[in-house]
Each structure stands twice: as C-alpha cells, then as structure tokens.
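For the record, the sequence lines run as chains A and B.
Counting from 1 along the first sequence, just add 17 to a position and that's the residue number in the numbering used here.
Counting from 1 along the second sequence, just add 17 to a position and that's the residue number in the numbering used here.
The set of hints was computed from the structure by calculation and includes no laboratory data.
Hints may contain errors.
One copy or any two copies: either way a pair holds, since identical chains are not told apart in the list.
[Said to hold, decoys possible] DSS-like cross-link-like pairs, simulated, lysine-lysine; straight-line CA separation at most 25 Å:
#1 K299 - K147
#2 K57 - K331
#3 K64 - K281
#4 K112 - K233
On a predicted model such as this, the values are computed, not experimentally measured, just so you know.
2 protein chains.
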Amino acid sequence: MQDKLSLMIPGPTPVPETVLRALGRHPIGHRSGEFQSVVKRTTEQLKWLHQTTNDVLTITGSGTAAMEAGIINTLSRGDKILCGTNGKFGERWVKVANAYGLDVQIVNAEWGQPLNPEDFKEILEADENKEIKATIVTHSETSTGVINDLKAISQHVQKHGESIIIADCVTSLGACNVPMDEWGIDVIASGSQKGYMMPPGLSFVAMSERAWAAQKQSNLPKFYLDLNQYRNAGTKNSNPFTPAVNLYFALEASLDIMQTEGLKTIFERHNRHKTAAQEGMKAIGLPLFSAKGYGSPAITAVAPEHIDAEVLRKEVKQRFDILLAGGQDHLKGKVFRIGHLGFVNDRDVLTAIAAIESTLSSLGLLNGKIGEGLKAASAALK
Amino acid sequence: MQDKLSLMIPGPTPVPETVLRALGRHPIGHRSGEFQSVVKRTTEQLKWLHQTTNDVLTITGSGTAAMEAGIINTLSRGDKILCGTNGKFGERWVKVANAYGLDVQIVNAEWGQPLNPEDFKEILEADENKEIKATIVTHSETSTGVINDLKAISQHVQKHGESIIIADCVTSLGACNVPMDEWGIDVIASGSQKGYMMPPGLSFVAMSERAWAAQKQSNLPKFYLDLNQYRNAGTKNSNPFTPAVNLYFALEASLDIMQTEGLKTIFERHNRHKTAAQEGMKAIGLPLFSAKGYGSPAITAVAPEHIDAEVLRKEVKQRFDILLAGGQDHLKGKVFRIGHLGFVNDRDVLTAIAAIESTLSSLGLLNGKIGEGLKAASAALK
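Work out the full structure: start from the sequences and follow the hints.
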C-alpha cells in the first residue's frame, strides 16, 4: 500500500509534500525566461550545497550517469587511474572505467571495511612519472553503509599534483559535510533521490577548474553526457537538451527547504539518526556490518546472526509498511539496511527501530526483553 | 504567468491533470514488486503505442539520449552510415555520429523540404559491397515542421539488406501512424514531453531483432546508455539504474488515457489540428514554411513575409499567454511554429489561430479583414 508507505531505504527517499506539489505543477517551456530563472536559482542553491564556487551542472539521468560523465569528461583512452572499491558502487566505477578502456588500478578493502587512505598514499607517492590521471572514491558506500575518509584521500591526491580526484557523493552530499573547495575535490557526482529529498531523475556533477583543464585533454567519445555542452548552455541559464522541467521545480522547492534548515542542522540530524540506528540495533544484539567508527550518515547496514535478513525485512514491510533495504549481491539475506537519508525525522527513525524490535519479538527471534532497542535509540535521539 | 499558460510548442506539451496527479504521488522503492508492476504495465503499453512486438526500453534522459543510445548500441567505430538532414535534428544525429567516429554520408534536403526517398534508394543500390551499416532518418523534423516519408525510405533500406534503419520519431510517435513492425523500422527513439502528454525526463528506444543482432557486433563504449543492461533488467521488469520513478507513474497514467482514446482517434485529431493550423495561416496570408503536403502532424511552421516572427510570437505570449515556438538557428525571426502535439484539443488550436489573427490586426500587420483565419480553421475543425 503506497498511501502509508514509509521509505527507509537509501533512495528513493521520502519527499516533502511541498516538493511533490512543485513537481506536479504544469510544465513550462524549457527555453523560456521563466525557466531560465529556475535554472539560475537552482544553480546557486547547488553551489551552496556543494560549498563551492565551481560549476555544478544538472543532468537528466541517474547518479550513475553523473559519475560516468565525471569520468568520461576528464579522461582519455588508456589513462591510468586509481579506483577505491569496498562495495557495489566502488565496483561499478571500475566497470564504467573498463567500458571506456581506462587502465584501472584497484585499491580494495573488504566490504564493510573503509578504504585505507595510506594505500592511496603509497601508490600515489610511488608514481614518480605522474602517470595516474585520476583517483576515484566512493564517499558513502551505500551497499555496505561505510563512509570512506574522502578528506584524507584527497590530501594524498593533492600532494601527487597530477591526478584529479573524482568522488561519488551520491549518499553523502546533503547528509554530512562535503566541502568541495576546502577538501579540493575535483569532481563530485550526486543524485536527486538522496539527500536532496526529491524523486529520482536528476543528477549533478560539480567540476573544479582542474577538472575543466583535464576535460580539455579528454578524448573519450560522448554526446548526451558531454559536460562542455552543459557548461556552455549554463552560461545562458539553459540546458543543451530538454531537461526534466518538473523535476527542476521540485529541485528548487527541496533546496529551499534545505537552505531554511541550514547545512549544520542537516548534518547534525543525519548524525543523530545514524547514532540512534546504530545504538538501537546494538541494544537488541544485532551487529553492525560497517566497521566501528565508519558508519555512513545515510544508511546503517545490519548483519543479524542466525536470522535471514530478508525474512525480517519482508515481515517489517508487511506488518508495518516500512520499507528497509536488503543486502546487495553476496550480502542478500545476510544484511538489511536502514536508510536515514534526506527527509527523515526523529519519529521515522524511532519507528523503524521499534518495528524491527517488535517484529523480531513476534518471530521469536529477539534475544532479551523487548524495549532495549527503543530505549537505546531514544537516548541517542534526545 | 504559469497558472494560465497555454503551451503551443513542440515540447514540453500540455499535461492532463490526471497525469500531473500521478506524477505528484509519493515515490516508492524502484526495486519493489509494486514498481515492477508499473514497469511491466508501461512496457506493454509502449509496445501498443509502437505497434510492435519488439523490446521498448525506457531511459531516464531526453530524446537525444534515446537517439544516441540507438546509434551507439548498434554501430562500431568507422562504420559507414547514411544520415538524412533537412533540419536541426537531422543535423544533430550527424553530430552524434561524428562524436563517435562514424563515417557519415549525408543525404540532404533544404530546410522546409522533405528528404527525397529516391536519394536514399540511389545510394543504397550503389552500395554493392554492403558497407552501409545504418540509415538514420528524422521522421518529423521539429525545426521545420516537415514530415519525412519514413515508410518509403524504410522500404529502400529493407532492399539493401545490410543496413538497419534508425528513426527519430520524437515528434511523430503518438501523433501519426508509426507502425514499427509493418514498416520494418529497426530502432525508434522518442521522448516523454511530446505525443506522450507527459513532462520531459523519460525517453524510449524500441529495438528490432535486427537491431539486437547489430548490437552484438557494436564496439562503441557506453555504460549508462548500454541498452543490453536495460534489456536484461527488463526481463525482470526492472531497470539497471535508478529510474525516474514518478515519471513512470505519469507514463502509466498518460498511456492509459491514450489507450482509451485509441490510436486511430489520436492520429485523426492530430491530422485535423494540422489542417486547421495550415488553413488558418494561409487564410490570413501567412505562408507555411514546410513544403506542400509535407506538414508535420505535430507542428506547423509559418514564415510570415515582412513581419518579424519573434515580435509576433512575443506579443501573442504577452497578450494571450499562449507560448508559440520560434525559429531555430538561421530561422530565428523568420519563422514561428504552432505546436499541436499531444494533449491538445480543438479549442486550443482555434484559440491559437484567433490569437495570432487578433495580434496581427492590433499590430496593423493583418492583410484583409479580421476573421478569415478563424473561418478557415473553424471549417477545418468541423
């Protein structure tokens, strides 16, 4: 039943009524002055969200389209790159890079563990001929609920001098601090159905001046994802191809709400929800999947022992109409994930913990007495 | 003022309230059973619209993304192709083909004139070594209001035997008859903000078995636009990347409305509106830009003599809040275009003619007495 569905997945995330109403407005011409105003306004809002003076471009497409755009606009066939992998999304960027004939060196960590910045440091320092053209990092690895130390990795990339750094911030932007300029990130990709509190369909690529310099050298073929066309159209507050006009209306409305709340408060809220989810799960004896201290502000992955995570997840959906995320690939059945990203309030998090606890109890799978999870989450939310 | 805006442009086209309400629903998980039902249903509806048993794939992106996908999934670097150009969109496919290193032979006609099927016949017959791998045709050339004879060109391509035919049906599908299977079209690209009566953001690629056979040989790099990933996910009524969930809701609603109206009635309506627009303009002494007998069912391009088309267009917008389209590229100021595509009724067309006539009269630019345009349009609508 959609009418009372509670989305606790890492995307699509819940959407405020104000944003849905903006989405459902009658469309206008995408070459009109009125629409140019929307493009101008949202571009400024996006820069605010990215804490940057760089270009932030809007693409009609998914987060993958934005990441692919970041990669194929800055690199050339045969270029050597480093790519961090500790989950499904890190692995996806390797696939994209391979599809375009890049020479990929993988920096791996086990699923659930964070990438080790020292691994990047070592490889980058050893690259005396400066052959590495780009370093790709997934900031918040949605498949495992791990947040990687993007800031530390970026510092090592800065010292290298030649490599740019491309970051997948799809589930970190709008959930925790990602100061693009301060950290020196060259390309940031993100998607609308995440921290943006919007339905899916728009994605975003922020490009530093170093990234644009790399773009001038890039020879990989592209057309719809050719960012130079977006940049040129952007100077006229326009788009190279017909954009999803109604999603732009929603974008303006959602960024309005975010600006009213303020970045600091948004980040504190996500941090509070992360802590509540973690403490709630630990209190009922369910181990976290992500390494201690590296839980994502967007999503908490839980690896219950001796319990089929899919059975629990389906029961919570059926009884309480709360949609949790399952485990991906080899983690299916072993992990479930609680999304606390975007338009989520304390009630949503408290309710999810209570529903999980209640469901385990009714399935006869709860160790200890009911209420410990609620108590721990409640304390964390205070 | 958006609240009373009448969109008479070739996209975005007007959207029914039912569709806007579907668009503004709360999103659901894109990996849920509920969403799989939406994908299954819309896929069946799309096959109905294309009059085909072939795969019809849905991409989150613009019509250009769909056309690019059709090209890069069926061809390889250096492949020889024919591309018809008689307007801005034909020229765009040449740009896409060039971006991917294809060997493009252009079949040109002047803007406003239709492509000559005999030109294709001649070149295809002379290609005894069967080097031409694809023939690209824009069915309804939106920039000039010309409908090309896709059926005749397709027959010549069938006789060639090796070349596939890729058609841009962005402003013909849902406006006039495009029987994919009957005409033997291998790839059809279209976009949601056109005959579909939806906001922009989704696009569609239909692929014949011959197109899939070509796909297996294709070596052009791609990831987000890799149609094989969409086909594989489609077997599970799913998507390879997060789709624009809310636009899918709108798609289901709009195709529902179209199925209720029926293809024959939809095509008759567009034909009636085309005739009314043409007769109305001729009656007030404004020449049509498209060659006689080749007017598009989606859009009527008008080339007023001794009148700045932009002045007229802006005055109609300001006085009556009707948005007409301007001329593109070198036609700016020389041409205006009346869109009659998608969710347009007889009132909309009659009103547009009346507003143009009234505006010309008030500008002192009307030859003859006011009412002749209305009379002619009225007769055509009867």
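Indices of hints not satisfied (ascending): Of the numbered hints, just 1 does not hold.
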